[in-house]
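Trainee: Chains as they are written, first to last, in full-length UniProt numbering: chain A, 1 to 442; chain B, 1 to 442.
You can't tell identical chains apart in this list, so a pair holds if it fits in one copy or across any two.
When the alpha-carbon atoms are kept at most 30 Å apart in a straight line, the in silico DSSO-like pairs for lysine-lysine are as follows: (1) K81 - K14; (2) K296 - K307; (3) K247 - K296.
Read the hints as simulated data drawn from the structure, not as lab findings.
Spelled out, the chains give:
2 protein chains.
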Amino acid sequence: MSIVKSLSERLQLKHAEKVIAPAEIQAFQHEWGKAEIETKLQIIESLDSIPEDASRRFLQLMTRQPNGVSTLIAIRSTLFKAKLSLPLATGLTETITANLDSGLQVQRMRKDSPRHIIDLFSSSDRVHPIASECRMIRRLEEVDRRVFYLAHFQNPAHPLIVVNVALTQGVASSIQKILDDDEKESGPDSAIFYSISSLEPGLRGIDLGHRLITSATAEMQNDVSLTNVTQFSSLSPVPGFRRWILKMMDSDQSALGNVKKIFEIANILSVETIGAENYSDFRELVASLDPQLLPKFSNSLPKLLFKYLFAEKGPDNSTVCPVCNFHVRNGAELWRLNFSANTAQYGMSESLSMMVNYRYYTDKMWQNSPAENRKDVFTWTVDINGRALMRLDDEKLERLGVDHPNHRYELLNEILKQVIFSLNSRVINELYSEAAIPRTVL
Amino acid sequence: MSIVKSLSERLQLKHAEKVIAPAEIQAFQHEWGKAEIETKLQIIESLDSIPEDASRRFLQLMTRQPNGVSTLIAIRSTLFKAKLSLPLATGLTETITANLDSGLQVQRMRKDSPRHIIDLFSSSDRVHPIASECRMIRRLEEVDRRVFYLAHFQNPAHPLIVVNVALTQGVASSIQKILDDDEKESGPDSAIFYSISSLEPGLRGIDLGHRLITSATAEMQNDVSLTNVTQFSSLSPVPGFRRWILKMMDSDQSALGNVKKIFEIANILSVETIGAENYSDFRELVASLDPQLLPKFSNSLPKLLFKYLFAEKGPDNSTVCPVCNFHVRNGAELWRLNFSANTAQYGMSESLSMMVNYRYYTDKMWQNSPAENRKDVFTWTVDINGRALMRLDDEKLERLGVDHPNHRYELLNEILKQVIFSLNSRVINELYSEAAIPRTVL
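Let the sequences and hints guide you as you build the complete structure.
Mentor: Following this line, the structure appears as C-alpha cells:
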C-alpha cells in the first residue's frame, strides 16, 4: 500500500518506466505475495484510487517483471473473491488479455513436471476428481494419455487451464474406462478430451478453453509418435439433464389441469420414449440413482437427452446445456450420445449416466462455428441450433440412439419446425436441400 | 490480398478466433513473406480498408501465431518505407507495443549464435561499422566483451535492438582501443556501452533503448563471473559537434555588423577556449580532419564541447545533442568528455575526436531521470539541463576538462544563469545549497 503511494506521482509521468526501478515493482510483488486478504484489499483500493492512466502504467510495468502477468491475475482473483466491482477491473482485464495474446504457450504436463504443478493438477478436476496419486499418475502415462495446459511464457510453472486427453481406439464412450482402467490402450486412433478445468479464478470471464483445445490438438497433430491419431472428440458431461427430468416430472404432477401441457410432457417422458409401462421404474431410477436400474432405459435415455439438447432452449435461444454451447461454439459437432457412460455418483446424479461426444473435425471446425459470417449476437445463439440441426440426417439420428425409423422421421419433422421458427427463409431453403430423407419410414 | 478479402467478413465477428483457422493467418504470413513491395502495399491497403475493429482483430490473431509479432513489425516497416500514413498504423503500433510489454526478453549473442543473427549483427553498427569477420568476432569474446539484444520470446532469432559492451579496467575513453585492440582486458571493473543499434525499421518511434540498457545491466549484475564489474557507462559519439562549430565559424565571418554577436562567438571560439593565436590552426583542423592537428586542442575541444552540450539548447529547451538527451533521459549522468577518443574518419568528421561517457549509476539512475516528479513536457525538457547542471560542481568541471579555476568559476556562474532562467525559485534555492564553491579562484 505504501509502495503504491510512493509510486503514484511518478506513475502519472508519460515515461514512468524511466523513473520507477524494476526493483520497486518487484517489491510490490513481494509485499503482495505475503499479504493477508485485508492488506490485499487495501492495496487494491490504493491502486484504484490513483488516476486511470497512472494505474494503467502500473499494470503495464508489472507485465514486464518476472511473473508480472501472474501477479496481475492474482490481483484480479482477489477482486473477484471480494466481489469488488472497481474501475481498476477494466484495466486489469484488458492488460491481462493483451498480454495473453502473444504470451500464451501450450505445455505438456509429465510425470516429472515440477511437484507444485503436479499438485495443482491433482486437485484441479472438479468434474472427475482425481481419487489418488495412483489415479493421477495414470493420467500422465506416455503411452495413451496426455495432459496439456496453457501458461504465460514468463511463468511456465503457473498453469492457467488444463485439459486431460485419453488416446483410445475409436471414440471413447465410457469415462470409467478412461479414469479407472490401468490397461494401456493399443493402437489408439482417437484423442478424447475428457476433462477441461480452469486453474485460475483470476481469469474468470476470459475464455481460454477454445485456445487450449485447438493448441493441444495442434500439438498432437505435430507429434510424430501420434501419426495414427486422427480423430479428436470430447467425452463431455451433461450437468443439467437429470434436473430437467425432475422438473418435468414435477410439472407432470402439478399440471393436471392443463391438457396441452400434459400431452406434451407425456409425449416426451412416457409415450414416445420411456413407455408408460416403465414410468414408475424410471421414477425409481431418477430418485435412487442406482445404476442397476439403467439397462431398461438404454434406448429411452438417449432419446430424452436428444430432446433436452435440441428441443429445449434457454431464454437467449441457445441450448440449455452450457457444455454443449461451449463445444458447439468452438466449432465441434454433437456426434454421439453415450448411455452408461458415467455410472459414478456424479454421472448418475447429473445425467443418469449419459455423456456426449462433441467431435472436433480439424478441417471443418472453423467453418462449423455458428458465428460464421454472422455478427449479431442473436443470430449467433439461434444458429447454435440451426447449424447443428442442419447437419443432422437420418443416419446421424440413428447413431444418436433413435432406433425406430418412425421416431426419426418425427424428430426430423420437429427439428424442421424448430428451424423454421428460428431461421430466415434463405437458410430454410439450404436446409431443405441438405436434410436427407429417412431411409425407411414405417 | 485475396486472403484479407476472404477473412474480412469473419473478422467482424466478436469471436473471430473461432471461425478463422490459425492456418489461414499463417497462409497470410507466408504470402506476405514472399510478396514483392507492390503486392505488400496492396495487402496493406486491403487491411486498411476493412473496419477498424476487424483489422484490430486481425492484428490480435496474428500475435498468436508463431513469429506473429515479427510479421506485424514487418508490416509496420513497409508502412514506413512507403511513407504511408494510414489509420492501420495506430492499431499496429498499439498491438505491437502491448505485446512487447511482457514479450521482450534480453538475449546474449555469442560466437555460436545462429548464423543469420550473426549476419544481422555484423551489418548493424552504423556508428562504428564492423570492418571484418575478425573485428566482429572480437566483439563476442567471452573474456571482455558482451553483446545483448532484445527479442520477442516467440522469435528469439529476430533481434530487435542490440547493444555492444566492452568490459574494461576503468571507464574507457577511447573507442579505437575497444574496437581494434586484440589484447584482452585484465581485471575489468567497468561495463562500457559503446554502441547501440536498432535492427528494426519497423519499430521506429518505439523506444527500446532504455529497456535494453537496463536489462543488459541487470544481466551483468546477475552474472557471477562479473562480480568485479560495478561501473556502468556509455562511450558515446557527439554527432552534431563539428557541424555546430562550422556554423559558428560561418557566423563569425558573416556577422561582422553585429558587435554583441561577434563578442559572443569570439568568447566561445577564440578568447576563452581556443586562443586567438591558434584560431587558424583550428580552422585547418576543422577543415582537414587530420588527427595530427589535434594535440594543440586537447584543452580547448573539451571546453567547446562543454559549451555545446550545456549552453546550446534546442527549440524545446533540451540539449541539441540527441545522444545526450537519450542518455540523460534514461537517468544517466554526463560524466566525462574524452579528447582523442575517436580518431577514425567518423569520429573526426562528426566531433573532432571527442566522445562522452554517460554514466549509469544503477542505484541512482531511477532518481536521476529528469522526469522525476514532473509530468509536463516543458519541465521534462528544461530539466534535462537543470538536473544535470545541479549535479555539477568544481571538481566535476575539472574532470570535464576545464583546467583553469577561473574558467570553472565563470562556467558555474554561467550555468547558474541558465538555471535561473529556466527553473522556478524553489529549485533555485535547492541549487544554491547544492552547488559547491570552487576550491580555488585565481
